[in-house]
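Novice: Here is what each chain is made of, one letter per residue.
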Amino acid sequence: MNGSPPLWPLALYAAGVLALVAFMIGASHVLGQRHRERVTHVPYESGIPPVGTARLRLAARYYLLAILFVVFDLEAVLLMGWAVAARETGWAGFAAALVFVLLLLVALAYLWRSGALEAGPSRGRRRDRARDAGAR
Amino acid sequence: MPPTIPSLAPEAMAETVRRSVLVARLQDLLAWGRKNSMWPYGFGLSCCFVEMATSLTSKFDIARFGAEVIRGSPRQADVMIVAGTVFRKMAPIVRELYEQMMEPRWVISMGSCANSGGMYDIYSVVQGVDKFMPVDVYIPGCPPRPDAFMEGLLLLRNAVGSERRPLSWVVGPQGAYRLELPAQREAKRVARQRVTTLARPDAVSAAEAEAPPAPPSTAVTAPRVTVAPPRAGEAPDPIAALQEALGAETVQVQATCDGIPTAWVSAARVADALQLLKSGLPAPYRMLYDLSAIDERWRRNRADQPPSDFTLVYQLLSLERNAYVRVKVALTGEHPTAPSIARLWPNANVYEREVWDMFGVGFDGHPCLRRILMPEGWVGHPLRKEHPARATEMEPYRLPDDLFDEALERLRFKPEAWGLKRGRDGTDFMFLNIGPQHPGTHGVLRLIVQLDGEEIVDVVPDIGFHHRGAEKMAERQSWHTFIPYTDRIEYLGGVMNNLPYLLAVEKLAGIEVPPRAQTIRVMLCELFRLASHLVWYGTFAQDVGALSPVFYMFTDRERIFGITEAITGGRMHPSWFRIGGVAADLPRGWDRMLREFLRTMPQRLAEYDRLVMRNRIFQARTRGVGDYTRDEAIDWGVTGPGLRACGLAWDARRRMPYSGYEQFDFEIPTGTHGDAYDRAVVRVAEMRQSLRILEQCLAWMPEGAYTSSHPHATPPVRERMLHDIETLITHFLSVSWGPVIPAGEAFVGIEATKGNNGYYLISDDGTGAYRARIRTPSFPHVLMVPHIARGWMVADLLAILGSIDFVLSDVDR
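Respectively, the protein sequence lines represent chains U and W. Residues 12 to 147 (the numbering used here) are what the first sequence spells out, left to right. Residues 1070 to 1882 (the numbering used here) are what the second sequence spells out, left to right.
Chain U on its own, in the form it takes in the complex:
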């Protein structure tokens, strides 16, 4: 490597992007007609004024789903790092990665079994259980 590539094309590109975006937002802000009547800026909810806010405390199972998503995303990040260095780390590295994946799989199986991944309607679940019980 003899010297880093020049930075000015990148700067030019960035300036171009900024200018274009500023033009688009600015022009659409200025152009056209506007009106502001009594309920123009009220959120649309099938024509009825809404109740409460959209910032709700949701049930914990949504948090659980979100955190599971994050866990398996992070797993991909870690495995990616290992994949880059797979030849250098050799069999020992492979074994470590395998243990890591297996641990996650065991955790996933546990969650699955304990019903943490179920997001369907409770009414349907109740009926399915009743049907299962009947089958037994």
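Derived by calculation from the structure, the hints in this document are not laboratory data. Treat the hints with care, as some may be off.
To be verified - One side of the interface only, derived from the structure: several residues of chain W facing chain U at Cβ under 10 Å: (1) M1159; (2) M1171; (3) W1238; (4) E1478; (5) R1481; (6) D1497; (7) I1503; (8) P1505.
We treat Cβ as the ideally placed atom computed from N, Cα and C, and that holds for glycine.
Chain W: place on chain U using the hints.
Specialist: Same frame as chain U, now just chain W:
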């Protein structure tokens, strides 16, 4: 209020253009762009919306004009089509949606109701949407045909293409400049005057019309199978049982001309009497079929009945006996009360609310006695005799800002007022409004859904946005002129709505309908059942994500309309049945059209099975969803396909035959699980049975008169008129006032498209009904939704709504 749009004379317009050639060019470009990319708002109020939706489908194909991008939100739409009746309860919402649209925005008023109130000069209807909103184009018609809608859209496009609008909201004067729109009536006058040969509305070819009438067919008599309705053996007389249990002197019997056993009991004992009929008899009357009231204060002919100011009428149905029983309670005073029977039947809760709302009769012990059809804050109870009927007898409707704010605040849902919690176990519930303006509710129905995440904790239905005051209208119209209003009760069922009304009138007047008229009626009813089921089929598939089937099904519906138009001259609301028969004989060539339809339709249905019913996604969305048991269905007063999907083969055409249905050979399809899928299976199977009935109509159409010669039949026979002055006067009176139907009461219920539809008519020896109670199937079906939907997800709610198949005018009347 929004600013009125100034208009310029052509010379001034030209001046504006000359001022700046460059700007004018740019504005031309913009106007051209606006003109060719109009996005309509998917906004519908009533019948007209169905015709507007039809314009999207293949025969009409509005995509030709670049206007097929129907938007679900006012923020994205350019043109709002006010399609249908503007109700007082709905008007503030219409204005809110208009205000939420972005610039530029246009309004088309579609149909007579939106233009001026149309035939609904009634307390609940605003006499024209332009009372509180600017309108660009008016489309006449009731409903306007899809072609008329498209012409209206083209007129608006042309106007938009010549408009001048400011380029920016910060520069220069605001407001749009446009050419004056000429009235189309003036523009087309000369051309219309020149027309001498009118187009045949019936699509019967010219050759057929010119041909001599075919000789009467020989195979016209003795149809077919006569299937006797099953009988309940030796079930004890309900009135005798009541007299035995409550004491003979406390139960008064009333003779009615419909043969339904009718007993008067005291308010104190009504719950006991109903409990006995519900569960204390062999073959009990398990279904609360209807509950309503009569304002007796102005009634003259009721000498055989106990004195009463307001009478409550409880009508029960026994599915084993195939029979009704009626229990009446006399109440005295201006605002009397009666004990609530909400603990006996779950649907009694909503029926009692309706009686309170319409009559001001209270119910002691009712859990939540509040208005159900009229908006909160309404003064008076509309079905009381002193309440004005016409909108034009009341103050004109206005919507100034303060009333607008007040109306919106009343609409805002207050969970505490309904006893709903705002959260549990540290999580908050979301209260979501689904409707009145929502594509999934198939009309102006509002469901307030209490959600834990995506799961439905509870649902509060809010109805009455489609209340057109049909029962009050019946008290004002003559017996004959009420017929068009019945068409619009269940606006997908067309003439099938005429039938229960006319059967009840004919029962009161003692009119025998000739066999040919009966068979024509059956044939048209089954055609409309098919048309209605096709709309349900397509929209239900659309509700659960299959977007294309609806286009195929509307195409078939158009083919049915081709036949009904040839016969009746009308599409959605032909109003073609008459007291004593039908309006005209069948046109030549009807059999060819029907035969052609019957030849192709089975293949189409087979194709739809592959397209929808066997579709795995469709099955996953509907199987097991929204199920209820047979007992729940009976408790809630469910009739029609919703009842048969639970495995109960109860069809009024078979169990209580009317209009000659006992002579037809058809089966009653049933389901087993009572879920959304089975309801669909039942309807699809029913369509095949309708085709079978139509084949029999085609094969055995009887000869003879198409209307009765009874003096009360309408319109009166012309041959009887021109003999002397007496016959002329009689004819004139029968045309202008219509027949005077003898005093009495009669109820007739039929198997309509959505379930059992019935008319309970009371004549006070007058030229119109003293009271007309319209029992519609969709009312209990929709108010049962909370019971079905609890515990399911929001997405399932739409599958449940689609599978119920309701029409809002059938809920609110």
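Novice: Go through the hint on W/I1503 and say holds or violated, using the shortest Cβ distance to chain U against 10 Å.
Specialist: Given a least distance of 6 Å, the restraint on W/I1503 holds.
Novice: Is the interface hint satisfied for W/M1171? The criterion is a beta-carbon contact with chain U at less than 10 Å.
Specialist: holds (8 Å)
Novice: Using 10 Å as the Cβ threshold, decide whether W/D1497 counts as touching chain U.
Specialist: Hint holds; W/D1497 Cβ to chain U Cβ min 4 Å, cut 10 Å.
Novice: Do the numbers back the hint for W/W1238, that is, is its least Cβ distance to chain U under 10 Å?
Specialist: Because about 4 Å separates W/W1238 from the closest Cβ in chain U, which is inside the 10 Å limit, the hint holds.
Novice: Using Cβ atoms only, decide whether W/M1159 comes closer than 10 Å to chain U, and label the hint accordingly.
Specialist: holds (9 Å)
Novice: Is the interface hint satisfied for W/R1481? The criterion is a beta-carbon contact with chain U at less than 10 Å.
Specialist: holds (4 Å)
Novice: Less than 10 Å between beta-carbons is the criterion; does W/E1478 satisfy it with respect to chain U?
Specialist: Given a least distance of 7 Å, the restraint on W/E1478 holds.
Novice: Given W/P1505 as an interface hint, is the shortest Cβ-Cβ distance to chain U below 10 Å?
Specialist: It holds, given that the least Cβ distance between W/P1505 and chain U is near 6 Å, below 10 Å.
In the structure shown, no violation is registered for any of the earlier numbered hints.
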